[in-house]
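Line by line, the protein sequences give chains Y and V.
Quick note on numbering: the working numbering labels position 256 of the first sequence as 256, and the sequence is numbered without any gaps.
Quick note on numbering: the working numbering labels position 331 of the second sequence as 684, and the sequence is numbered without any gaps.
What the hints contain is simulated information worked out from the structure, not anything from laboratory work.
For glycine and all other residues, C-beta sits at the position ideal for the given N, C-alpha and C.
One or more hints might be untrue.
What the hints assert, rightly or not - Using 35 Å as the maximum straight-line C-alpha spacing, the simulated DSBU-like pairs for lysine-lysine come out as follows: (1) V:Lys645 / Y:Lys291; (2) Y:Lys292 / V:Lys644; (3) Y:Lys292 / V:Lys645; (4) V:Lys644 / Y:Lys291.
As the list claims (entries may be wrong) - A few chain Y positions that, by computed beta-carbon distances, are all more than 12 Å from chain V: (5) Leu10; (6) Pro91; (7) Asp111; (8) Phe177; (9) Ala183; (10) Glu298; (11) Arg313; (12) His314; (13) Asp336; (14) Ser338.
There are 2 protein chains.
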Amino acid sequence: MIVDGLHKDLSTLSVGVAGLGLIGGSVARRFARAGVRTLAWNHHDTPYEAARAEGIHCVETVEGLAASGVDILFLCTPLRAMDDILGRIAPVLPPQTTLSDVGSVKTRVHDSVAAAGLDRQYVGAHPMAGSEFSGFSASSAQLLDGALWALTFDDQTDYLRYLLMARTITDVLGNTFIGVDNATHDAAAALISHMPHVVSTALANTLCDSPDCKVGVALSAGSWRDMTRVALTDPARTQAMVEENPANVAALVRQVAQRLLDVADVLDDPEGRAIDLTAFFAEADPYRRYKKAQRDGEPMENGTLTVQSRSWRHQLVESARRGERITHVRAIREFDISWQRVPDTSDVTYRAL
Amino acid sequence: MIVDGLHKDLSTLSVGVAGLGLIGGSVARRFARAGVRTLAWNHHDTPYEAARAEGIHCVETVEGLAASGVDILFLCTPLRAMDDILGRIAPVLPPQTTLSDVGSVKTRVHDSVAAAGLDRQYVGAHPMAGSEFSGFSASSAQLLDGALWALTFDDQTDYLRYLLMARTITDVLGNTFIGVDNATHDAAAALISHMPHVVSTALANTLCDSPDCKVGVALSAGSWRDMTRVALTDPARTQAMVEENPANVAALVRQVAQRLLDVADVLDDPEGRAIDLTAFFAEADPYRRYKKAQRDGEPMENGTLTVQSRSWRHQLVESARRGERITHVRAIREFDISWQRVPDTSDVTYRAL
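So that you can see chain Y by itself, here it is in the shape it has in the complex:
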């Protein structure tokens, strides 16, 4: 079988899933439900009986899974196990298999993949899905209903493998995706997840450190509950997540700290030459208008774009930066994508765009 994202008949697609946790289990279930031949391995066989009942073929070793010749192998194991898994599969993974993963940080996974000599076969993936539960028993094909994926790349990423992944996400899984380079992905993930986790933790710490903590708890309402919800999740897992993306998190945390110090300066000295407080509170108005358009159920804006093989990386990143979510891929020599996004008229354009 020759991997060819352009001509691959998706009705003959086969996939492998290493790691049947919440995300891996949901991915495997969704492929199996779509009629795709789905092989899976887990580091213990507890989920195998339930997985087999879902039509998932379970294999005994990750080496066996890697050697099976599936078109795409998704690594859905924890990041800390990645180097070990990659070392075990590298000697047996056939060149026609495209390697992917589902992790929330991409640069470090790519570095591990490159160290194992597999980066020419690799396309990173990150589905936006999750729940507060974990394990195969909590997984479901429905967890990915309406999911947006980030499909990531770097300068070495193979065009045809990327196209195979793109068509698989849209045509087989029925999901949407954005295409971004690994570095942009990790900066954005730090912005909307990793940094906020640190901030939420800092708020909870400030409460615990206050002589008024129980008075504060008594007075607390929705705003406090929302701002500290993620601080209540397992702090060790949060720490591990932050440590996987340290430079991006550090830079953003410094930005937030500086904004806070600016506000403190003007509150302490309203006549001073610090920032304009009204401007501080108005700065996010474009985001407020964007969220209002979304809340009001404004019809999605739709469009198509012809992506060319010599400029596909740049075109996909620019599409993502315009807020477009790719719904369909029609592969010819180039490929046409269809997208949708929340409408973005000139007065709701973000300042930076």
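Given chain Y, put chain V in place with the hints provided.
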């Protein structure tokens, strides 16, 4: 009629409510539903027809309301109108009427009340209730179901007036309260509401200022949504709230900024001499255990306390700092309170207590 919190027969209680917005309307409805003679005034008479249908007696002027001789007059007008209202009622408010309010910041209201020469009649109140809506049409007696109030005081607050307010909240409204001085109230309100609003705004601003903003929005999930929800509310109202409590907010915002900079330092230089990152993520463990006890539905701990007239302020603040919420007040010469709180064994005691 002599105001006497010790001996007042609550079945003859009468109250006045100035301002029939969301909170004022709900307070008035709840008193009327409890069979209390309830007078009200609003700066326009739009809500009067609906209010009268609820058994609320509407009067034409705030001066008329103030002169009516009610036992307690609640000012439920916006803070910006407070000085004007106080100037109008000061000449006509009888000495037997106890003046209160429902604002979320207490020190500034007290200063305005003192400037109007009414501080000897004043007991501050702040019910923990609200919704995303506003106006009398959104108000309801049920909005205060299970509500906790902060009843505040300073060194001048009259013991018997405070007792009348306490008995009214528990026996008439069926709510609970904590007793704290105005300064402690405002510090705690800054901690769990005003400061988090600034932090949430800073996060939304950081998004808008990022070249990756739309990529971030595409990748965003529950943590981002929760952390920026309050930033989506009216920024002018948030700014006004923060500017009513500037010193407390500034101090707390600086504390959070310092915590964030400490984290950035250790992420940028893990071998450096910055903070212990594991300790940072574990610091709020007492709060996590407290919330878990609450989530798990641990039975509330109950107790009683005899509050003495010579030390009532100190005793009530200490009770609030222990996490006790006062459910009943039995007035004798001193008064006995009953309280309940989420259980707090030694291993869930907050560090600072």
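A quick look at each hint next to the structure:
1. V:Lys645 / Y:Lys291: 32 Å, holds
2. Y:Lys292 / V:Lys644: At roughly 32 Å apart (the allowed maximum being 35 Å), Lys644 of chain V and Lys292 of chain Y satisfy the hint.
3. Y:Lys292 / V:Lys645: 34 Å, holds
4. V:Lys644 / Y:Lys291: Holds, at roughly 30 Å.
5. Leu10: 24 Å, holds
6. Pro91: At roughly 33 Å from the nearest Cβ of chain V, Pro91 of chain Y sits farther out than 12 Å, so the non-interface label holds.
7. Asp111: 17 Å, holds
8. Phe177: Given that some Cβ of chain V is not farther than 12 Å from that of Phe177 of chain Y, nearest at about 9 Å, it is violated.
9. Ala183: Check fails; 10 Å does not lie beyond 12 Å.
10. Glu298: 15 Å, holds
11. Arg313: Given a closest Cβ separation of 14 Å, the condition holds.
12. His314: 14 Å, holds
13. Asp336: 20 Å, holds
14. Ser338: 16 Å, holds
Checked against the numbered hints given earlier, this structure breaks hints 8, 9; the rest are met.
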